[in-house]
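Q: As they're listed, the protein sequences go chains A and B.
As numbered in this note's numbering, residues 21 to 316 make up the first sequence, in order.
As numbered in this note's numbering, residues 63 to 392 make up the second sequence, in order.
Since the hints were derived computationally from the structure, they do not count as laboratory data.
Ideal Cβ placement from N, Cα and C applies to all residues, glycine included.
Derived DEER-like restraints, expressed as beta-carbon distance ranges: (1) Gly219/A with Tyr238/B: 46 to 52 Å; (2) Val43/A with Gly120/B: 39 to 45 Å; (3) Trp116/A with Glu94/B: 23 to 29 Å; (4) Phe369/B with Arg115/A: 18 to 24 Å; (5) Met279/B with Ser108/A: 41 to 47 Å; (6) Leu86/A with Lys270/B: 44 to 50 Å.
Which chain B residues face chain A? A few, computed with CB under 8 Å, are given here: (7) Leu223; (8) Ser282; (9) Asn374.
Listed below are the simulated DSS-like cross-link pairs for lysine-lysine, each with C-alpha atoms no more than 27 Å apart in a straight line: (10) Lys386/B with Lys110/A; (11) Lys109/A with Lys386/B; (12) Lys253/A with Lys59/A; (13) Lys159/B with Lys121/B; (14) Lys280/A with Lys59/A; (15) Lys59/A with Lys278/A; (16) Lys280/A with Lys333/B; (17) Lys121/B with Lys150/A; (18) Lys204/B with Lys270/B; (19) Lys150/A with Lys254/A; (20) Lys270/B with Lys200/B; (21) Lys59/A with Lys254/A.
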Amino acid sequence: MIGIFFVCLTGLCCLLIVLLTAVVLGNIAYFGWGLLSLKFLLTAPSQGMTEGGIFPAIFGTFFLVLLMTLAVMPLGVMTAIYLNEYASKKSALVRWVRLAIGNLAGVPAIVFGLFGLGFFIEFVGRGIDKFFFAGHLAFGQPAIIWASLTLALLTLPTVVVATEEALRAIPPAHREVAYALGATRLQMVRRVVLPQAVGGILTGGILAVSRGAGEVAPILFTGAAYFLPYLPKKLNDQFMELGYHIYVMATQSPDVEKTKPILYSTVFVLLALTFGLNFTAIWVRSRIRRRLRLTK
Amino acid sequence: MPTQPAAVKKEVPARPGRPRPEGSATAPRWHEPLVEGVIRASALTAIVGLFLIFVFIGKEALPLITSPAANQEASLGRIFATQDGHYSWQPVSTVPKYSMAPLFVGTLKMTFVAVLFAIPLALGAALFTSEFAPDWIKEFIKPVIELLAGIPSVVLGFFALMVMASYVQDAFGIVYRLNTITAGMALGLAVIPIVYTMADDALTAVPKSYREASVAMGASPWQTAWRVVFPAALPGILAACVLGFGRAIGETMIVLMASGNAAIMSWDLAKPARSLSATIAAELGEVVVGSAHYHVLFLIGISLFVFTFILNLFAHWFVSRLQKRILGTA
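Produce the entire structure from the sequences given, and follow the hints as far as they go.
A: Shown next, in the form of structure tokens:
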């Protein structure tokens with residue numbers, strides 16, 4: 021009898037988590053829906069953020085994650101290929117790389133922000149200024165390139181883990197057939213492994229973008245700006261970003277009641293963006309898992 | 063990429079100057095070692111990245127020991143011990159005070175609330191889905207947890223600040239609108255998915271034979287789950303808790319927005335609090351590069367890094383123990 025009570029208790033835990041999630045999402049959907057319109061998405065804020073839309077923040081977010089993807093995808097995919105196709109499973113290097121990836125995933129986001137400032141801006145950026153711009157300030161300041169590289173390091177584990185899962189789903193027999201036909205290892209990877217892993221690689225990319233679009237702590241000091249009258253065009257421009265926009269509007273707004281509808285709608289847009297990406301990733305991944313089950 | 067035929071032989075006219083070697087199926091592939099070198103090199107990114115994080119954050123914290131000017135304003139003694147009998151964090155007053163103690167206390171009490179809220183819920187839910195729930199509930203819960211995990215922390219912070227704060231204030235009858243309990247509970251929402259996912263993995267990794275043996279001996283489903291499966295998965299569950307704890311300590315945006323950010327030396331859960339991570343986020347933007355304050359913020363950063371690093375190693379060690387236990391005895 022007492023057992024049934026505990027079973028119900030664990031069920032209640034489940035129910036509570038579902039309810040909490042529903043309350044958070046429901047609240048944001050309910051209050052965020054109101055202001056949403058094409059005009060809201062496509063105009064810039066005006067009147068000290070109390071009117072207008074959020075176009076520059078959306079643009080900045082897309083630009084940011086685009087640069088981040090360009091940096092993280094090749095590195096992450098090649099890391100996964102090395103771990104799964106090249107290295108012998110028991111080599112010490114493989115263990116070290118895996119340990120490093122696990123640890124990187126656990127580093128607090130704000131530490132990445134500090135790293136972006138200390139390494140990319142103060143060290144790399146200042147270095148570039150010294151050698152190529154004769155000391156003029158060009159890259160040694162917060163900029164979209166540094167913010168995106170910081171995010172790339174943060175999302176590296178996501179890409180590696182997803183790609184590796186896809187690589188493991190490919191039956192070893194396919195590799196053996198390629199070798200039997202006389203393919204070299206690189207030919208095997210390019211013509212046999214990679215085409216089959218495209219789905220998993222895509223999943224990793226989508227999850228990384230979704231994560232990168234939502235992180236605010238790493239870009240606080242590496243390039244995000246509260247308000248800019250222009251859109252970022254060059255790699256060393258600053259930029260507006262959805263998450264940062266939410267943070268600043270929620271904590272430093274001069275007129276909280278007036279900005280509240282805009283704020284809610286901005287949160288809604290950010291959530292829709294990350295969830296849209298996550299759902300796509302879950303869908304792609306479930307298809308891969310189904311194939312994995314079939315081939316086993 | 064040169065358009066050489068890969069594995070299948072075709073009639074390809076040999077290019078002048080680069081004869082095909084005897085016995086090879088394809089032309090010499092000069093670029094292979096190059097590409098393989100690049101692949102090997104990029105595998106090192108994660109290691110190099112971790113190393114650079116440590117070096118470049120540590121480098122900015124180092125002047126607190128080496129530079130006399132920074133040392134005079136904020137020596138390690140002043141950071142960890144009292145200053146004029148008080149533990150205070152007042153970095154921008156006329157006599158700056160840099161005692162990290164209130165920040166430690168703030169971080170710990172918010173983490174405590176978060177962990178106390180999240181870990182029982184997440185473990186209970188994991189036990190339910192792995193042991194008792196029918197398949198359709200499992201198929202429903204997992205995407206919900208992924209949804210929760212996908213909510214950006216700035217959104218959770220926003221929700222805590224705008225909605226939760228008022229309810230928590232009323233429910234507990236607290237004077238301050240932003241307090242430790244609000245921030246801790248919002249933090250808990252971020253911790254739940256991590257603990258759930260890892261605990262669920264650990265529980266489902268326990269071989270079926272354990273459950274069958276237990277049921278064959280007349281144990282009830284609850285006895286099987288609690289006395290057999292849970293202990294068998296314990297290392298993995300500990301790893302889940304450790305990682306959840308690490309996430310709670312390092313999480314920034316939620317506590318920055320929902321905790322009230324007052325650096326007070328008090329364990330009172332009804333009062334506002336300020337965490338280590340939120341201190342960096344709130345102050346680094348306005349600090350003079352190279353000042354003592356700047357170096358102290360990097361010291362906080364390197365402490366967070368080292369601490370979560372150690373927690374991660376622990377979690378890793380627990381997981382490898384779980385694998386050994388299950389593979390070794392299954």
